[in-house]
Amino acid sequence: MFTSMTDPIDPTPPVGKAARNETRKAIAATANALSITLLVTIWLQPVLSGRPAGLAAPLATLVFVALQGAAHYVLRKVED
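At position 25 of the sequence shown (counting the first as 1) the number is 30 in this note's numbering, and the numbers step up by one without a gap.
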């Protein structure tokens, strides 16, 4: 059968709800892991070792809050 030049050769099916949800959960899990890692590495580790964290402490807290906010924003988009 002849197809026109505009017909796709290998049409992919549209992405389903479950796939979108899994992608969103993976993004949120990555943001959560990064936020906790940065908080522990930049802020908690120097505090526990007795060294002053300096400007890194508020910066680590700010990055932690921002990444947690991003994770919650992404998870709000999960469909039922």
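Keep in mind the hints are simulated off the structure, nothing from the lab.
One or more hints might be untrue.
Unchecked claim - Here are the simulated distance ranges between beta carbons:
| no. | residue 1 | residue 2 | range |
| --- | --- | --- | --- |
| 1 | Val83 | Pro57 | 24 to 32 Å |
| 2 | Ile32 | Pro63 | 23 to 31 Å |
| 3 | Arg81 | Ala38 | 17 to 25 Å |
| 4 | Thr46 | Tyr78 | 31 to 39 Å |
| 5 | Leu64 | Thr35 | 15 to 23 Å |
| 6 | Pro63 | Arg25 | 19 to 27 Å |
We treat Cβ as the ideally placed atom computed from N, Cα and C, and that holds for glycine.
Now the hints, each set against the structure:
1. Val83 to Pro57: 24 to 32 Å: Distance hint for Val83, Pro57 is violated at roughly 41 Å.
2. Ile32 to Pro63: 23 to 31 Å: Because 26 Å falls inside the window, the suggested range holds.
3. Arg81 to Ala38: 17 to 25 Å: Given about 19 Å between the Cβ atoms, the range holds.
4. Thr46 to Tyr78: 31 to 39 Å: For Thr46 and Tyr78 the Cβ distance comes to about 24 Å; the hint is violated.
5. Leu64 to Thr35: 15 to 23 Å: holds, 20 Å
6. Pro63 to Arg25: 19 to 27 Å: violated, 36 Å
In this structure, the hints that do not hold are numbers 1, 4, 6, in rising order.
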